[in-house]
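Engineer: Residue numbers (this note's numbering), protein chains in the order written: chain X, 1 to 260; chain Z, 1 to 260; chain C, 1 to 260; chain S, 1 to 260; chain Y, 1 to 260; chain H, 1 to 260.
Each hint should be verified, as a subset may be incorrect.
Note: identical chains are not told apart, hence a pair may lie in one copy or across any two.
[Claimed, not checked] 30 angstroms max Cα-Cα, derived DSS-like pairs, lysine-lysine:
| no. | residue 1 | residue 2 |
| --- | --- | --- |
| 1 | Lys230 | Lys134 |
| 2 | Lys109 | Lys230 |
| 3 | Lys3 | Lys230 |
| 4 | Lys230 | Lys242 |
| 5 | Lys109 | Lys3 |
| 6 | Lys134 | Lys109 |
| 7 | Lys242 | Lys109 |
Just so you know, the hints here were simulated from the structure itself, not pulled from any lab data.
6 protein chains.
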Amino acid sequence: MNKNRMEQMTWVEYEASTTEKILILPVGSTEQHGPHLPLGVDTIIATEIASLVAEQIPAVIAPTLSYGYKSQPSSGGGPLFSGTIDLNGTTLIDLTRDILDEFLEDGWKKIFIFNAHYENEAFLAEAADLLLRKQDTEYPKIIIANWWDNVSPEIVSQVFNEVAFRGWALEHAALAETSMMMYLAPELVREDLIPDDRIENLLTIQQFPPSRTIVPASGCLNTARSSSSKKGQLLVEDAVNKIVTILSEEFSLHSPVNVN
Amino acid sequence: MNKNRMEQMTWVEYEASTTEKILILPVGSTEQHGPHLPLGVDTIIATEIASLVAEQIPAVIAPTLSYGYKSQPSSGGGPLFSGTIDLNGTTLIDLTRDILDEFLEDGWKKIFIFNAHYENEAFLAEAADLLLRKQDTEYPKIIIANWWDNVSPEIVSQVFNEVAFRGWALEHAALAETSMMMYLAPELVREDLIPDDRIENLLTIQQFPPSRTIVPASGCLNTARSSSSKKGQLLVEDAVNKIVTILSEEFSLHSPVNVN
Amino acid sequence: MNKNRMEQMTWVEYEASTTEKILILPVGSTEQHGPHLPLGVDTIIATEIASLVAEQIPAVIAPTLSYGYKSQPSSGGGPLFSGTIDLNGTTLIDLTRDILDEFLEDGWKKIFIFNAHYENEAFLAEAADLLLRKQDTEYPKIIIANWWDNVSPEIVSQVFNEVAFRGWALEHAALAETSMMMYLAPELVREDLIPDDRIENLLTIQQFPPSRTIVPASGCLNTARSSSSKKGQLLVEDAVNKIVTILSEEFSLHSPVNVN
Amino acid sequence: MNKNRMEQMTWVEYEASTTEKILILPVGSTEQHGPHLPLGVDTIIATEIASLVAEQIPAVIAPTLSYGYKSQPSSGGGPLFSGTIDLNGTTLIDLTRDILDEFLEDGWKKIFIFNAHYENEAFLAEAADLLLRKQDTEYPKIIIANWWDNVSPEIVSQVFNEVAFRGWALEHAALAETSMMMYLAPELVREDLIPDDRIENLLTIQQFPPSRTIVPASGCLNTARSSSSKKGQLLVEDAVNKIVTILSEEFSLHSPVNVN
Amino acid sequence: MNKNRMEQMTWVEYEASTTEKILILPVGSTEQHGPHLPLGVDTIIATEIASLVAEQIPAVIAPTLSYGYKSQPSSGGGPLFSGTIDLNGTTLIDLTRDILDEFLEDGWKKIFIFNAHYENEAFLAEAADLLLRKQDTEYPKIIIANWWDNVSPEIVSQVFNEVAFRGWALEHAALAETSMMMYLAPELVREDLIPDDRIENLLTIQQFPPSRTIVPASGCLNTARSSSSKKGQLLVEDAVNKIVTILSEEFSLHSPVNVN
Amino acid sequence: MNKNRMEQMTWVEYEASTTEKILILPVGSTEQHGPHLPLGVDTIIATEIASLVAEQIPAVIAPTLSYGYKSQPSSGGGPLFSGTIDLNGTTLIDLTRDILDEFLEDGWKKIFIFNAHYENEAFLAEAADLLLRKQDTEYPKIIIANWWDNVSPEIVSQVFNEVAFRGWALEHAALAETSMMMYLAPELVREDLIPDDRIENLLTIQQFPPSRTIVPASGCLNTARSSSSKKGQLLVEDAVNKIVTILSEEFSLHSPVNVN
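Could you build the full structure based on these sequences and the hints that come with them?
Structural biologist: Following this line, the structure appears as structure tokens:
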């Protein structure tokens with residue numbers, strides 16, 4: 001039993017947490033991640049990083065959203081791959097808004113949405129905006145963050161020591177995500193199937209209907225060669241530390257290391 | 001690694017399953033279940049029974065929906081309890097419709113929605129209807145079922161040998177669900193906190209805003225006294241068998257016991 | 001002229017009623033009811049029972065909603081029958097919410113929705129919930145009820161003296177509804193066409209698209225044999241009495257028999 | 001029993017009509033109509049004129065929509081009057097679209113929406129457009145009409161022989177509607193309360209929130225003085241004849257007088 | 001640089017205007033206007049008249065809405081003409097509501113929507129109603145007007161001195177609009193292509209799908225013969241004066257001629 | 001008269017273009033752009049660059065969308081600035097979808113959305129996806145692009161020769177946009193008010209409700225110092241060339257320089 005996972009808590013335990021802790025809502029996706037990674041990569045990373053964050057600050061982790069917004073060719077391979085289950089934009093907005101509204105009704109003042117699927121961003125933000133746009137007090141406050149914007153340049157240099165870093169958009173099912181999965185859930189990585197694929201050019205446009213030729217057949221946008229659990233650990237720990245620091249500041253937590 | 005859990009499969013493995021297997025979408029909720037059971041009871045029961053069904057028929061289990069429609073006082077205690085996270089009706093309709101639409105796009109012909117939260121029913125059905133209402137072929141076909149309508153009277157008699165069975169609506173967080181959790185996830189049951197509460201009279205009306213006095217303070221609608229893992233096993237196995245039989249007939253499976 | 005039917009009242013007469021009376025909104029459907037009953041059975045029963053209730057408590061009856069949510073095979077025969085006009089779920093939610101919102105704006109504190117079409121239930125409740133969910137006073141209050149949950153077991157025994165009672169879901173266009181129509185609107189019952197059909201097994205699942213073989217060709221889910229006006233009177237009067245009692249309690253009416 | 005009222009027909013009778021007849025959907029409102037006319041004026045006029053049309057051409061009359069779009073000050077007195085129950089625009093669009101879609105599914109090729117509430121017009125048209133906009137065949141065809149655009153100038157002169165005709169918009173609860181009600185439903189007209197009110201100037205703008213001073217306190221936009229059943233008969237019969245002629249042409253009916 | 005066009009103002013200049021001036025939102029369309037007038041006629045007329053009004057009263061003119069509600073055959077030729085870009089009703093409602101809501105948030109108390117496309121009317125009004133319906137103060141106030149309801153009978157007589165005035169609905173791309181364009185944007189009028197077409201009979205019904213035969217092939221509903229810049233000037237100046245007078249009264253402006 | 005601006009074309013001229021040309025839909029916003037730039041910066045840049053593109057490839061330019069999605073603090077200063085008019089996400093999706101649907105109905109096969117407001121991106125893409133997601137032919141095809149992703153690194157180096165380039169997100173109302181406006185619409189730039197403000201740190205999170213302290217009071221996210229018309233010309237011409245090349249390839253145009 002995990003004492004800060006909402007689905008494992010009773011309502012009495014949960015109710016006692018709302019005034020003192022942070023509510024974390026992890027958001028992932030169900031999306032192809034190459035021949036070597038499972039469909040739940042984003043969901044797993046979102047949930048695991050949330051758990052690591054909750055080891056350092058007092059928090060309750062809500063059930064992770066396992067379905068996300070539509071995969072884009074330029075950052076996720078796009079809708080043509082089997083196993084990529086895409087929500088419409090209004091659906092993700094409504095889903096997130098309803099859940100946040102209920103957390104607010106339960107009395108939470110500090111809510112953190114941790115997102116591990118790039119395409120979700122605009123729609124998660126819209127949901128939070130619809131609820132709090134006209135509020136003129138500082139709290140309740142909702143913070144949304146992902147891991148890739150919270151990795152420091154030094155760590156990027158260490159991780160991309162053998163292959164070039166071509167930007168986070170192309171890291172879909174590539175070196176960074178593969179390494180993180182090798183660290184967080186090694187039993188789910190088919191290491192013998194790690195591809196060395198890459199999309200040739202960065203896309204500077206969007207095209208509809210999606211092209212059938214731009215994305216490599218593997219679904220990987222960049223090579224996963226040189227992935228390792230150690231690199232995954234570097235990425236994960238760096239992101240966790242950065243996020244803990246941000247939440248401590250944003251939510252005025254005085255001693256983030258004392259977790260109930 | 002669980003070879004039939006979609007989030008653990010690669011897209012290549014998943015794609016190979018669509019023409020031969022059944023896609024199961026479990027649906028739960030995040031809802032108070034008394035002082036002794038966790039908020040994820042419905043999610044856990046939905047996922048676990050789906051897993052047991054998938055041991056007997058070839059199936060892929062999609063990520064469970066962890067948030068459901070609004071808890072009603074007469075069947076779930078209602079929205080006033082902390083930790084009950086309620087989706088609006090249109091949100092659940094849209095969420096389910098989007099996901100089903102994507103499964104249909106992936107080529108699934110046999111889809112089974114297994115629901116463990118009573119209040120979801122009308123909205124899950126609406127989603128399936130919106131997609132297939134005007135289809136004039138038999139397949140793709142979507143079947144929706146729950147566990148309580150698929151337990152045989154004999155099992156009910158065995159389970160309710162010490163306390164009276166007052167109907168499934170009142171079994172929220174009571175004997176049946178408590179026993180099932182003791183069988184499926186015993187580490188999550190606070191046995192020392194099992195209540196002996198009951199709602200006095202069956203509600204024959206609905207009332208808005210929800211009453212603050214009808215539902216017992218514990219959130220349980222009927223007593224959980226005499227719950228046991230053994231009774232949980234009886235209920236679970238009976239429901240699994242019944243559902244396997246139904247799916248075999250409805251989806252014309254010839255040898256349900258040969259699982260991939 | 002009926003002095004408590006809203007459509008026959010002037011706005012001045014109506015306005016004078018809002019502070020002292022109950023507003024009743026009857027809800028029916030347009031749905032096949034076998035070869036012997038008209039498409040408006042649910043609308044007629046809703047309106048007539050509302051009228052009988054209004055003879056005992058001070059009330060204004062709003063225009064009945066004549067179109068309802070989608071008929072389900074297991075409780076109404078389903079959408080494949082001609083003459084069954086089904087609203088989408090969101091449409092019925094919005095329609096009911098708009099109307100209720102206007103009644104609240106007009107100053108009503110006590111609103112009663114009387115529903116005679118099973119499939120409407122979840123959507124009527126959603127509409128009321130959307131309006132009053134966050135209200136923290138007891139009034140305005142909305143009560144939703146139907147007739148079948150408000151018939152006493154003794155009356156059921158008397159009515160089903162020749163044929164077995166198999167549950168209310170199967171009473172679509174069967175003994176109960178036929179008898180009620182023989183009592184309330186005998187000129188609309190084609191007695192020579194009363195069928196003796198029945199659905200073989202209770203459905204424990206839902207299936208999409210709807211099956212073309214499960215429901216009897218007549219559209220009746222159970223036999224209407226032994227129907228009579230007398231049995232209809234028993235059912236109607238019992239439901240009316242029960243509902244009057246409930247409304248008197250829920251709305252704190254002291255002398256329900258003194259009507260305006 | 002009225003053999004062409006849908007709610008009184010069995011589904012078998014109804015089904016036999018779809019290929020040969022016209023389906024008429026009357027649309028009214030629940031709206032204040034002065035101190036002398038009931039709230040259901042538009043609903044009653046819509047239903048009664050539909051019945052008279054159906055005496056001359058083969059038709060089935062569906063249940064009337066009793067709630068309409070928002071009353072406007074310049075044509076109905078506006079939302080500030082008690083008893084005026086206003087639907088939002090999207091609600092009326094969705095309601096009408098769902099119903100029309102079902103009639104089309106039932107096989108109707110000739111559908112006539114007869115509207116008696118001015119403010120409904122744009123939203124009824126939107127519903128029909130959403131369904132048939134991209135259809136490239138002539139049938140199924142939907143015709144929408146009202147009565148006021150189908151009264152000939154000669155009849156207007158005869159009816160407004162004592163008071164001036166100031167345009168149909170101002171005839172809300174005034175001479176024309178009062179006369180028609182005296183002809184169609186005289187028992188519902190409070191003749192002793194017929195007002196002699198009038199709005200001073202024609203409104204050439206719309207104002208939000210609605211003004212509390214422009215509309216006379218009675219709710220009548222023009223005088224109802226000199227109303228009579230005879231004048232009502234002139235208006236009704238003229239509109240019925242015009243509409244029968246239009247439907248005969250538009251739906252290519254060869255002998256409109258032979259009614260089943 | 002135009003000092004009262006919002007898109008040309010800085011936010012600092014704009015902010016300084018909100019408490020003292022009127023915010024004007026012009027609304028047009030993109031719709032066929034015959035072989036001699038451009039698709040932007042309604043947009044151009046809306047913008048130009050708004051500019052002339054703003055010369056007489058202190059106002060800021062927001063960016064014009066260039067896309068409007070669906071063209072109807074009886075007032076705009078309908079959707080079958082190329083270049084007619086039609087918004088759905090709910091889209092125009094939502095667009096207008098969002099924009100108005102933001103203007104209200106910016107502190108505007110006096111908002112004027114000036115509409116030059118007939119079919120927009122019901123949907124613009126719905127947007128304003130949704131925002132202000134339940135407001136019980138007089139301000140903020142939204143006024144909606146068009147030009148055709150604000151032209152005096154004397155001017156109509158002068159303009160229609162050679163051809164008959166058959167009502168504003170038929171003036172689509174006809175004498176009035178052609179003349180106004182010759183006055184406001186003469187370089188956009190193809191004078192050699194001015195048609196002499198006319199729809200035969202006034203439509204007293206609406207028909208779906210739209211007829212391919214009723215509207216003249218040119219797209220003009222009435223003749224544009226005898227159009228002139230002088231007549232355009234008469235119409236424009238008369239409408240501007242009327243509107244300035246109305247706004248001065250409705251918004252209690254004491255000296256309409258003193259412009260910032 | 002501009003022969004490729006849709007609002008200035010007649011429907012006959014427009015119709016003749018649909019099979020041979022590209023339809024360009026520029027999309028801007030109404031958003032604060034510091035004390036020195038007008039609210040219409042994005043609208044102006046979108047329209048002007050579209051015009052320059054249309055000088056090199058055969059195209060028709062549709063009316064620009066002047067209102068866009070919600071300004072974000074990290075890329076536009078956010079909603080707290082006066083004059084920033086934000087559409088909800090679903091509104092922008094619906095608006096764009098309706099317009100695109102009509103262009104497709106008019107027969108366009110090659111559609112280009114040119115966006116100059118960063119926050120619009122996800123919602124424009126959603127609209128295109130909703131229309132073409134299930135299309136299995138290559139055409140009609142919709143391409144979406146902006147200018148900042150289509151500026152080459154060499155030009156960035158030349159433009160940012162005096163101040164550091166901190167990423168496109170911070171270029172809101174800063175050096176790049178100021179220079180482009182000095183080149184495209186110099187009369188609208190208040191050069192004496194060009195600020196030297198900057199946001200201190202790149203935001204790696206989103207925060208709701210929006211912070212009142214992060215964004216500089218001017219609304220500029222980075223310095224506009226060293227802006228010049230010459231730099232604007234470099235940026236504009238580079239983007240135009242890149243876009244012309246992309247469209248020529250994507251739409252298989254053989255001789256992009258031969259414009260109608």
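Engineer: Now look at each hint and say whether the structure bears it out.
Structural biologist: For each hint, the structure was consulted:
Proximity of Lys230 and Lys134 under a CA criterion of 30 angstroms is satisfied in neither setting, with 45 angstroms inside one chain copy and 42 angstroms between copies. In this assembly of identical chains, Lys109 and Lys230 lie within 30 angstroms of each other by CA distance neither inside one copy nor across copies; the values are 36 angstroms within and 42 angstroms between. Proximity of Lys3 to Lys230 under the C-alpha cut-off of 30 angstroms is found in both arrangements, the shortest distances being 28 angstroms within a copy and 26 angstroms between copies. In this assembly of identical chains, the alpha carbons of Lys230 and Lys242 lie at most 30 angstroms apart only when taken from the same copy (18 angstroms versus 41 angstroms across copies).
For a Cα distance limit of 30 angstroms, the shortest separation of Lys109 from Lys3 inside one copy, 20 angstroms, qualifies, whereas the shortest one across copies, 40 angstroms, does not. Taking the shortest alpha-carbon separations for Lys134 and Lys109, both the intra-copy value of 16 angstroms and the inter-copy value of 18 angstroms come in at or below 30 angstroms. In this assembly of identical chains, Lys242 and Lys109 lie within 30 angstroms of each other by CA distance solely inside one copy; the values are 21 angstroms within and 45 angstroms between copies.
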